[in-house]
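J.: This is what each chain is made of:
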Amino acid sequence: MKVANHLFDHLFRQQSGKMASILIGKFGFNNAELIEDSIQDTFYTALRLWGMKGIPENPEAWLMKVATNKTINELNKKGRHKELNKKLVPIIEEESDLIGAVYHQEKAIQLKALFGCCSPLLAVKSQIMLTLKMVCGFGDKEIANAFFMEPAAVRKAIYRAKITLKEHQNYFLELTDKDLQQRLPIVEMVLYLMFNEGYSTSNSESEVNADICFEAMRLTEWVIDDKTLCNASTHALFALMLFQFARFEARVDDKGIPISIEDQNRKLWHRELIHRGLVHQKLSRITERLSRFHIESGIAAIHSTANSYSDTDWERIIDLYQRLLSFDDSIQVETSLAIALCEYGEVEKSLTLLKKLKSKSSVQFSLLFAALGRVHAKIGEFEKAKSYYVVAIDYSKTRCEKAYLEEKLANLVLKSMPRQN
Amino acid sequence: MNKYMLILFESGDSYANMTPEEYQNEINAHGQWIAELGDHYDSGEPLEGDAFSVHGKDRMVTDGPYIEAKELVSGFYIIKANSLAEATELSKGCPILNLGGSVEIRPVMHIEMK
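From first to last, the protein sequence lines stand for chains A and B. If you're matching positions, the first sequence starts at 69 in our numbering and goes up one per residue. If you're matching positions, the second sequence starts at 6 in our numbering and goes up one per residue.
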């Protein structure tokens with residue numbers, strides 16, 4: 069399975085995040101930049117040495133050791149080491165111990181780093197970008213790619229986020245268990261959005277996408293493994309991710325054009341992941357308080373376990389979307405509700421809802437017009453349907469979305485042509 | 006076969022904004038190139054960036070060249086080949102070329118002393 073290979077494929081990226089978390093955990097966030105430079109320098113050294121001499125026996129330990137030494141050297145140069153001496157001397161004297169000790173608690177430190185990046189002082193987008201950079205080791209270019217931004221803008225945003233956090237020295241280490249628990253909802257939201265960022269087909273040409281999903285899942289799994297932190301909502305979130313990721317391969321064609329769930333090849337859905345999703349969904353039920361993840365994983369579970377699109381339990385999906393509205397009354401959710409209504413046969417209700425959305429929404433939202441096109445096509449009003457698709461294409465923001473809608477329109481044109489015998 | 010020294014010239018800048026992912030890909034590229042060289046490969050050493058230069062009769066000492074310099078010797082390989090032309094052909098696979106670096110190929114002088 070692809071996911072397992074990622075561990076080796078992206079060794080440097082993972083080590084980068086790991087080393088940053090561990091070193092920042094040890095030396096404080098006010099040295100974050102110096103630590104990042106040392107890590108960058110470590111990779112450069114690795115490139116030079118490994119490139120010519122081959123890869124060391126234990127690459128992870130090698131990188132950690134070199135990065136630690138480089139960081140300590142730089143701290144010494146800046147005279148910053150003194151302030152840390154008291155805390156660090158016993159560890160630094162036995163360098164090999166540092167690596168051992170740190171490895172022992174690496175998960176805990178990385179988790180703290182994750183919770184540190186998800187600071188309420190930062191905007192959600194900054195929280196995600198900082199997490200991707202500091203905890204997951206993504207480069208500015210990769211983050212820029214995922215967010216449709218320029219690398220320079222990403223650098224700036226991350227820099228600003230770091231300045232904000234820097235005022236809270238050593239903030240990773242100072243987070244208490246209570247802080248962590250309070251931040252859990254933010255962390256879950258960041259992981260959720262991070263996953264969606266990777267899953268979104270708007271930029272499916274980018275190879276980073278699966279990696280972002282994978283990182284979000286890895287971190288969520290870590291939260292789950294931490295018995296003091298994990299909550300019913302975390303299980304629901306993880307279940308949602310598993311259901312979605314099970315369809316990762318099936319959700320786009322080989323050109324990166326999205327395939328709607330209706331047309332996906334269900335044989336490509338990853339059964340094992342769906343099964344794991346169902347296990348976590350079960351675990352998520354042990355609560356009185358429903359989160360949006362409970363509802364969304366419920367919807368995803370229905371899709372994942374339906375034998376075919378027409379077999380889908382639309383009645384339950386409608387109920388779940390209606391409940392989701394109390395968490396998120398965005399136009400996306402309402403549009404999805406309208407489509408579910410249409411599939412259930414409630415075409416009138418569906419159209420009324422979509423028209424209401426159209427009149428109240430100030431933003432021209434491609435998905436809404438596509439939904440209008442879809443519902444009209446369903447009741448045989450092909451001309452209206454076509455004109456809605458044309459508008460949807462006009463408002464579509466990405467190449468992939470456009471191509472997807474153009475295909476739908478082309479099918480519609482074929483359908484509406486008078487049959488020639 | 007004769008020995009040839011491949012002197013690698015690179016600009017430190019080429020690596021300034023690399024992502025961890027790209028570093029790893031570069032290392033793989035080097036490993037792959039050396040594997041392709043097979044028996045042609047003899048040895049190689051990378052060089053640190055710190056440098057001093059001593060000049061002329063006065064033994065004047067200057068800093069650098071610095072790693073930021075446009076072209077800096079970043080390391081060398083010794084390879085074995087039958088001719089300078091073959092060594093040059095083999096050098097074309099060196100991954101630093103993709104990043105705008107260059108390789109100077111010099112035959113190691115070898116004349117029987119007997």
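For the record, the hints were derived by calculation from the structure and aren't laboratory data. Keep in mind that a hint or two might mislead.
Listed next, the stretches of chain A that the computed footprint assigns to chain B, with coverage defined by at least 3 CB atoms under 8 Å from CB atoms of chain B [to be verified]: (1) 79 to 92; (2) 199 to 209; (3) 451 to 458.
Derived DSS-like pairs: lysine-lysine, alpha-carbon spacing no greater than 25 Å straight-line [stated by the list, open to error]: (4) B/K8 with A/K121; (5) A/K476 with A/K424; (6) A/K423 with A/K350; (7) A/K138 with A/K295; (8) A/K350 with A/K295; (9) B/K8 with B/K119; (10) A/K193 with A/K224; (11) B/K97 with A/K209; (12) B/K119 with A/K121; (13) B/K75 with B/K97; (14) A/K121 with B/K97; (15) A/K133 with A/K121.
Counterexamples of contact, computed for chain A against chain B with all Cβ distances above 12 Å [unchecked claim]: (16) K121; (17) G122; (18) L131; (19) S187; (20) R223; (21) E242; (22) S301; (23) K323; (24) K335; (25) I342; (26) L346; (27) L358; (28) E411; (29) E414; (30) L419; (31) K470.
Built from N, CA and C at the ideal position, the CB exists for glycine as well.
J.: Evaluate the condition: distance from the CB of A/K335 to the nearest CB of chain B exceeds 12 Å.
T.: The assertion about A/K335 holds, with a minimum of 32 Å to chain B.
J.: Is the coverage entry for the region 199 to 209 of chain A by chain B consistent with the three-residue Cβ rule at 8 Å?
T.: holds (count 5)
J.: Does the claim that A/K470 lies off the interface hold, with its Cβ farther than 12 Å from every Cβ of chain B?
T.: 29 Å, holds
J.: Using Cβ atoms and 12 Å as the threshold, tell me whether A/E242 really stays out of contact range of chain B.
T.: 28 Å, holds
J.: Do the alpha carbons of A/K138 and A/K295 lie within 25 Å of each other, as the hint requires?
T.: 35 Å, violated
J.: Please confirm whether A/I342 is truly not at the interface, meaning its C-beta sits more than 12 Å away from all C-beta atoms of chain B.
T.: At about 30 Å from chain B, A/I342 clears the 12 Å cut-off, so the statement holds.
J.: For the pair we were handed, B/K97 and A/K209, check the Cα-Cα distance against 25 Å.
T.: 28 Å, violated
J.: Against chain B, does A/L419 hold up as non-interface, every C-beta pair farther apart than 12 Å?
T.: 48 Å, holds
J.: Taking 25 Å as the top limit, are the C-alpha atoms of A/K476 and A/K424 close enough?
T.: Answer holds: A/K476 to A/K424 is near 24 Å, not above 25 Å.
J.: Does the no-contact call for A/S187 survive, Cβ to all of chain B over 12 Å?
T.: It holds; A/S187 is separated from chain B by about 24 Å at its closest Cβ, greater than 12 Å.
J.: Between the alpha carbons of B/K75 and B/K97, is the straight-line distance 25 Å or under?
T.: 21 Å, holds
J.: Can we trust that A/G122 is non-interface, i.e. its beta-carbon lies farther than 12 Å from all of chain B?
T.: 7 Å, violated
Checked against the numbered hints listed earlier, the structure breaks hints 3, 6, 7, 11, 12, 16, 17, 18 and 20; every other hint is satisfied.
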